[in-house]
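Chemist: For reference, the chains in residue letters:
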Amino acid sequence: MSTANTPTLELRNLEVAYTVRGIDREVLRDISLSIAPGEAYGLVGESGCGKSTAAFAAMRYLPRNGKITGGAILFEGKNIVDMADDEVSSLRRSAISMVYQNPATALNPTIRVGDQVAEVFQLSGISKSDSLEMAQAALVQVQIADPAQVMRRYAHQLSGGMAQRVVIAMALASNPRLLVMDEPTTGLDATVEAEVLDLVRELRRDTGTAVLFISHNLGVIRHMCDRVGVLYAGALVEQGATADLFNNPSHPYTVGLLRCIPRGGLHKSTDRLDTIPGTPPALGTHFDGCVFASRCSLADDNCRTQLPQMVTISGAHVARCFHSDKAISMPRSIEQTEFVSQSEIHATHSGDTLLSINHLSKIFTQDGHKVQVINDVSLNLGFGETLGLVGESGSGKTTIAKLVLGLVSPEEGGVVTLDGKGLAKTLNRRDVHDVGSMQIVFQNPDQALNRRHSVTRIVGRAVERLRGFNVSDAIDRAHELLSGMRVEASLHSARPVQLSGGLKQRVAISRAFAGSPQIVVCDEPTSALDVSVQAAILNLLVDLQKQDGVSFIFISHDLGVVRYISDRIAVLYLGRVIEFGTSQRVFNGPFHPYTEALLSSVPNIDGSIRKRIPLTGVVPSPSNPPSGCVLNPRCPRKAGSGYETLCETEEPNLTEVEPGHFMRCHIPVAKLKQLQS
Amino acid sequence: MSNEERRTIRRERMQLVVRNKTFLVGCSILGFWLLLSIFGDLIAPRGASDQDFEFVSVGPSFKYWFGTDANGQDVLSRVILGTRLIVVMAFSATTLGTIVGTAIGLASGYFKGKFDMITMRLIEAISAIPVLIIALLAIAALEGRSPTLTVIVIGFVFTPNIGRTVRAAVLGEAELEYVAAARLRTERTPHILFREILPNVLPPIIVEFTVRLGYAIFAIATLSFLGAGVEYGSPNWGSQIAENWGNIYSNIWWPTAFPALAIASLAVSVNLISDSLLEVFEL
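Taken in sequence, the protein lines are chains H and R. Per this note's numbering, the first sequence runs over residues 105 to 781. Per this note's numbering, the second sequence runs over residues 1238 to 1520.
Calculated from the structure, these hints are not laboratory results. Check before you lean on any hint, since a few could be wrong.
[As the list claims (entries may be wrong)] Think about it this way: if two alpha-carbon atoms lie no more than 27 Å apart in a straight line, the pair counts; the simulated DSS-like pairs of lysine-lysine are:
#, chain 1, residue 1, chain 2, residue 2
1, H, Lys777, H, Lys715
2, R, Lys1351, H, Lys529
3, H, Lys474, R, Lys1351
4, H, Lys474, R, Lys1349
5, H, Lys529, R, Lys1349
6, H, Lys715, H, Lys775
My request is simple: use the sequences and hints to build the entire structure.
Modeler: See the structure below:
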């Protein structure tokens, strides 16, 4: 059986293929990796690179059309590829567990949480009454507050973070020797993600379980894993100890990936993001040479015809590249052109306010209860500027966007003024010009583009309606717009389903620009996209702003992205603006306590350890907000500040604490500065 | 994705449909009946009311393949000539029900609120009464034996089912952001309903149409069996059965069995198609 130096999991030259529409397509190509007992191994890569397939293969749990076409999967030295099915099932029951991305679908909605966790114990032969006790202990282990009460709840009564804790408790119930985690925090808010990651780290230290951790988020991987493997098109292109790989990336793909990410305080005014040219290969493309050759700026004939072997960079750090020594200094694919600074763009309008939002509130009625989702929000936006809206899910970011656009009408007293002109509350009462002046790019292009219409029709119709063009002129203009957004002419007659995520988003951007807008709301426009595509879309948005002087309201949960693109930032909590100021001020402090906690919860790629300021508890329901400052039950700076009573009884106003920097906090800014230094 | 790849995917998907045996069998049977309904006059060996008094209630033979009935009429010819009426009636009734039901479902699912509540309650009230009873009552009350009236009545009783199916699909669809995007380019409501949302809810409508078509065939056959809904004396399957089934006890089975088989095969073919469509659309 296993000895100290037998790896818990070893993939040896693993090959997996999926049968799609009758043809076998290679999805994993010659993957070799091993995970030692107690080690955390991270697999990163963009969508479609085979991460999840690798995870499922580790449990020999492939979809019906998937099959292992070569190589071996060794679990503690035993090849599970040729194991009998019942042996594999017993391994899955006792030694390998998996945590999936979406906790809501991993839990059975009809069984109480307690019974569900207990069931795992019962499977290993423990009596029903004992198993319930053990279930409660398991919930304690994953740090669920009030476990006895949580045991009686159903899955839908849990928050996302809590549900993921329950899933983790179930996964750990069998004392697994290998835990496979497939994007365990992807759907969670940053602060919740940080808590779940802390929990996983602690549990790993306590239990010594080996972890295969899969994520597209390089920051998370950097913080969670001892070693990292980078997957591209089903091939492992680079592998090494986390610090080695991040500090000295040696495969052009890894280098490209790291360069795409807006981080370390990059800003559109000074930096242009690099991208990875081209698109990832279609599923099952056959390669003679390097899988990355077609997109690599270092590729030569050798790369295209010969399969590179893993070369050692240092110690256990290996890369599958002929030019691994040159990778880190490879030429950028996007020129580092200087972006015209904002002061130059709106020299003509400097200081002019384009949009002002005054006292917007919104009350929704939910099951007969009134829920105030937006509470007296006032913001403004200048010509050619970007206003970033930041906050956790449920903070009201999207609702504000809908109020501004008129998709939802505000309560009495709320006014939206565009370029000095007060706008009607609802879309139906606004004239074509007002409607065309403010457009939106939605988060999910699959839902935002009518899947039955062609690209030309989607954009052409918008031009026709908003600019009053006749059909043929509208189509010409649509094609012009699309070409400007780099959607090739050959794709103009395509339906959205035939386009990649990035192209769909370009079509959506073209549509938003159809009516020559003054303001475009971007609601999480890149969160459904891979980082290399995200970089290209962000560059495009910045270019458009530069050309047309358009203003953006940019909503994102990714603070790096918001920081990169925004001139001003509004931080929202429970439908209120709690901090508002220039990007510089908000990100460099002094911070509002909530912003501080939010910023500290982002796992950063540079590997620097930042002290995490935890937010305790969960976001309160907007139907029943806490008295006093809405943040007070969770505020990391309240205790010991000397303002506790005030915080708990009176709601602070949004006040200007520094020139151009507003905060809603009772603690004076000088005191905050002192606490935060 | 290049044009060529797109074509490949389309071809691969087409193969999936063409390989679907259920669909092929259903289509061949339905196609057979459609041909008969169009060219029945040319194919039928004898006229609908031709009588041969030398051959009365004679079993299947070389001269009369399906035998003759008590009136000395050729069963084969009457089955062939009866096709057109039932096919045309079933299609028109289902189409009528689908159009009205779709309009109601679209409006109900999009506007929601009071309008939705009232229509849905009405629809529930209608669907609580069995189809045949409504149809018989309506036909009796209006004292009509015309096929047109039957079509309208059956179309009316199918409206609730289709309306509900469409409404359910629209409820989800109307929340999608392309609807908001259409509003943001000042589109009017009819455009949003019929040009934006309708194309996206077509698959369930098509499937519901085929399911209803199967029911329509049975409903029409039953009504004509009961003597309601069609003109007296015209060749049609339901009344053929009604006129002849008493003779089964004298072992004269053929004038009943062949029209019955015709009804069954037509209904089965439609159901096979709806089953395979359900599979392909993954509903």
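Chemist: Next, verify each hint and record whether it holds.
Modeler: Results for each hint:
| no. | hint | verdict |
| --- | --- | --- |
| 1 | H:Lys777 to H:Lys715 | holds, 16 Å |
| 2 | R:Lys1351 to H:Lys529 | holds, 23 Å |
| 3 | H:Lys474 to R:Lys1351 | holds, 19 Å |
| 4 | H:Lys474 to R:Lys1349 | holds, 19 Å |
| 5 | H:Lys529 to R:Lys1349 | holds, 21 Å |
| 6 | H:Lys715 to H:Lys775 | holds, 19 Å |
Hint compliance for this structure: every hint is met.
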